[in-house]
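Using the hints provided, position chain B relative to the given structure of chain A.
Protein chains in written order, with the numbering used here: chain A, 398 to 895; chain B, 398 to 895.
Calculated directly from the structure, the hints in this document are not laboratory data.
Positions of the beta carbon are idealized from the N, C-alpha and C atoms, including for glycine.
Please note that a few of the clues may not be correct.
Below, a sample of chain A positions facing chain B; criterion: calculated Cβ distance under 10 angstroms [stated by the list, open to error]: (1) Val440; (2) Gly467; (3) Gly469; (4) Asp583.
Each chain, letter by letter, is given below.
There are 2 protein chains.
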Amino acid sequence: MNHSPLAFHCGVTLSPPSPSDKTADADRLAGGLQRQGLEDVTVPLDILRRLPAELRRSGFRLDLVIGLSGEGLRILDVGKTRVFGIALDIGSTNIECLLYDLGTGEKIGEAGVENPQVYFGYDVLTRVQRSMTGEFADLVRSLSEGIRGVIARNCEMHGIASDEIYAVTVAGNTIMSHFFLGLDVDNIPLSPYIPVVNRSFFADAGGTGLPVNSNAVVYVFPNAGSYVGGDVISGILFSGLYREEEPALFIDVGTNVEITLGCRDWIMVGAGAAGPALEGGVANIGKKAEAGTISRVRIDRRSRKIALEVIGGTEPGGICGSGLIDLVSEMYSAGIIDQSGKFNGGRDEVIERDGVKSYLLFRSGDTGLYLNENEIKNFLLSKAAMFSFLYVFVRSVGLSFRDIKKVYVAGALGCGIDPEKAITIGMLPDIPRERFLPLGNSSIGGAGEVLLQRGLLKEVEDIASKITYREMNEDAELMHVLQGAMFIPHTDPEILKG
Amino acid sequence: MNHSPLAFHCGVTLSPPSPSDKTADADRLAGGLQRQGLEDVTVPLDILRRLPAELRRSGFRLDLVIGLSGEGLRILDVGKTRVFGIALDIGSTNIECLLYDLGTGEKIGEAGVENPQVYFGYDVLTRVQRSMTGEFADLVRSLSEGIRGVIARNCEMHGIASDEIYAVTVAGNTIMSHFFLGLDVDNIPLSPYIPVVNRSFFADAGGTGLPVNSNAVVYVFPNAGSYVGGDVISGILFSGLYREEEPALFIDVGTNVEITLGCRDWIMVGAGAAGPALEGGVANIGKKAEAGTISRVRIDRRSRKIALEVIGGTEPGGICGSGLIDLVSEMYSAGIIDQSGKFNGGRDEVIERDGVKSYLLFRSGDTGLYLNENEIKNFLLSKAAMFSFLYVFVRSVGLSFRDIKKVYVAGALGCGIDPEKAITIGMLPDIPRERFLPLGNSSIGGAGEVLLQRGLLKEVEDIASKITYREMNEDAELMHVLQGAMFIPHTDPEILKG
Chain A
398 MNHSPLAFHC
408 GVTLSPPSPS
418 DKTADADRLA
428 GGLQRQGLED
438 VTVPLDILRR
448 LPAELRRSGF
458 RLDLVIGLSG
468 EGLRILDVGK
478 TRVFGIALDI
488 GSTNIECLLY
498 DLGTGEKIGE
508 AGVENPQVYF
518 GYDVLTRVQR
528 SMTGEFADLV
538 RSLSEGIRGV
548 IARNCEMHGI
558 ASDEIYAVTV
568 AGNTIMSHFF
578 LGLDVDNIPL
588 SPYIPVVNRS
598 FFADAGGTGL
608 PVNSNAVVYV
618 FPNAGSYVGG
628 DVISGILFSG
638 LYREEEPALF
648 IDVGTNVEIT
658 LGCRDWIMVG
668 AGAAGPALEG
678 GVANIGKKAE
688 AGTISRVRID
698 RRSRKIALEV
708 IGGTEPGGIC
718 GSGLIDLVSE
728 MYSAGIIDQS
738 GKFNGGRDEV
748 IERDGVKSYL
758 LFRSGDTGLY
768 LNENEIKNFL
778 LSKAAMFSFL
788 YVFVRSVGLS
798 FRDIKKVYVA
808 GALGCGIDPE
818 KAITIGMLPD
828 IPRERFLPLG
838 NSSIGGAGEV
848 LLQRGLLKEV
858 EDIASKITYR
868 EMNEDAELMH
878 VLQGAMFIPH
888 TDPEILKG
Chain B
398 MNHSPLAFHC
408 GVTLSPPSPS
418 DKTADADRLA
428 GGLQRQGLED
438 VTVPLDILRR
448 LPAELRRSGF
458 RLDLVIGLSG
468 EGLRILDVGK
478 TRVFGIALDI
488 GSTNIECLLY
498 DLGTGEKIGE
508 AGVENPQVYF
518 GYDVLTRVQR
528 SMTGEFADLV
538 RSLSEGIRGV
548 IARNCEMHGI
558 ASDEIYAVTV
568 AGNTIMSHFF
578 LGLDVDNIPL
588 SPYIPVVNRS
598 FFADAGGTGL
608 PVNSNAVVYV
618 FPNAGSYVGG
628 DVISGILFSG
638 LYREEEPALF
648 IDVGTNVEIT
658 LGCRDWIMVG
668 AGAAGPALEG
678 GVANIGKKAE
688 AGTISRVRID
698 RRSRKIALEV
708 IGGTEPGGIC
718 GSGLIDLVSE
728 MYSAGIIDQS
738 GKFNGGRDEV
748 IERDGVKSYL
758 LFRSGDTGLY
768 LNENEIKNFL
778 LSKAAMFSFL
788 YVFVRSVGLS
798 FRDIKKVYVA
808 GALGCGIDPE
818 KAITIGMLPD
828 IPRERFLPLG
838 NSSIGGAGEV
848 LLQRGLLKEV
858 EDIASKITYR
868 EMNEDAELMH
878 VLQGAMFIPH
888 TDPEILKG
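Looking at chain A on its own, in the form it has when it is part of the complex (with noise of 0.2 angstroms):
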């Protein structure tokens, strides 16, 4: 990748005053700039103050950040090497927050936190009309905190000082964008949907209440509409699709289903609410990926002996998205469940609990780990409106399944989905396994990628420009094969093959 940062380190080698030289600091600092190749670089004013003293300390060999803004290359401070930035990806339910030495390109730190919003709503919308009645502000204040919190701690941990931060990209969806930029979402949600800012958008860092340098280029990614936001676009980017020949699949799973067909002509993206049972939100011992969870599971298929992998090697205190995949493939593959997601009889670990038959997953002491038969059927619900998307999707535009050479698979699904499990259950299309190519947090993935390389700007332009928003929820195909894909794999097997 061609390094070229979003804020990087410049050192300027000046000539000294002389009689024969009276040209100004800031003027001879700009001829030194564009012997460089940086042209029209702006100095903002606080700068400009500290450089007379600075050119002297330095003898005239300066130091120099220089970022680029929403109106070209800037200045941002003067006499410092260090220069670091931050990529935010803003989901719903979760903040990530990856921390960079943008002068190595290294990611130096990585820090998440749940989004603080969720105490005003799990559901987005719940969140829009809480701010329509008054709790703006509270809304605004809550996702600062949790954004502020994030980054400070990833600094802390790493002995990064805020002002040393020069740079930030934010990924977000079309209302976390607004939030964070302290924008009215009041129109989002009412027909016809508009939202005030669909354009990348360049913010003053004080502005945004960040805690990093007040100089620092906040850039925020442009939404393509209100239901495709700038962290779809940022995934789109990380996973390259738009510059494939044949048409990719990319296919991010969170709350949302988030499905994009395109290459590098067209881009067509659509979405759909598939619950929160696909990152573990509909379980009881649902839990985000981190130590203590689990995030594989094996059932043999004799025995039935479960063999689980806990992230850190711990006891699991609860399961991930890609973890619950696993399971419930495998409680099918191995007769535990039957095809409508009910336990067969006769099962041992099978037990009935409040009323509800539940599988025991661990066991420690006095307290376990269950899975109840109606979580399951949640779950199943999720997957097939997942499919039921992905399958309405491909026909819409004249593909089918087996047309797609490369399908992409992200989201903050825990450790990555195992395509095989997901293929056992009819989550995903059953096509070659080789073209299932994990992507892990995509949207981050593609802030950090601009961060990091400033002419990817150009690209997202081009990828919003192209992208065109497909309706999911209306579609009466959809429910058709809906009603198939809530049993394991589908009552029809021929239309996972597309």
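Here is chain B on its own, set in the frame of chain A:
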């Protein structure tokens, strides 16, 4: 004059959103501006936050205030139609402030105040020395308070709120521009005399502390070196000298005499200390031009009766610079003083006061206004310095006074120099009177022009880049001419015709 102010109101009518046009607010606005020929107009975050409510309140007929900043056009306010601007001339001695309605181009107010920095020293170099020895912040604060006061007073007098001021242009000498921006002056008085910045500078209104809209555009004129400040460049702009086909002379008389000789192809500037005499500063009775100040003097050749013109028609309390030129010229013509400035014997109106011969100008009861022989001598020294500068300067490029077809005379000399009187005493060259063109305060005039016509910013850059500075005080010929010039009009009258 083509009216295209630095900040301007712009009405934009947009089609409201509809199910077939889901363009976001900011993007919709950008489209509307583009249709009006305004491309790439930056929207600051605080404006973006107010945009959705303003759009809907106004029924998508938006009133904007747009300004030109260093990096291009920028939205400064929304929902406003009144747009005002301030032109500032920051002189070492006085601060002048013009208030313009940028909608009509009309000048609606003017106010002036003594530069509070004079309490640190009348002489600018004294202030720079005090700044270098720890009083920098005090000097900056002092100037800032003076400027804030004069702007606030000007606005108050005309019922303009401070946040209705969206553009400010600032012309001052290099030192004053530096103090205004809070820039170090330490390197200006020491060889090789290096300012922090010479190029023109757009500052954030917030950083300057001005009592204007926080998004206002603040433009500071470029300097052409330590000794040729933005005030001179602004004055050259105002005079139009830079458009002349044949060499013209532009004389700005203040504490310093600044001389510009040039045309559209080249511009040469020289400056020298003439002393405060020409501003009325050496005389006890010297005052700035305001109500109660003598602006014109006539002395009857036979009766020697004195006739005074007083600003405001009241009893006089002092005399301004142009009045002093009149007075000395008339005293000479009436035979009250001789060529060397000494009183001729036997005049009733000349009396001995504190051991010095003094001329009674005006009596009121027990007190009176007197000009004494020492003051006349100091005045003649100043006029001699000024004439000598002119003579040497014009000759240095191989020209003589005869060759100059236009002589612009500017300066804070009260009511403008009467060329006839100035020629009589040998302060201005003896050339046809119609070649003298009075300009008044040309520095603030140029600042006002840029405020009303942003296209002139290019001309300003052009002027700054063409200027060559010529050191005056080190000239051998100067000393030679100066000796004779201390007499009225000169020991060698031929030299006055150049």
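| task | Please name the hints from earlier in the document that this structure breaks, with their numbers sorted from lowest to highest. | result | none
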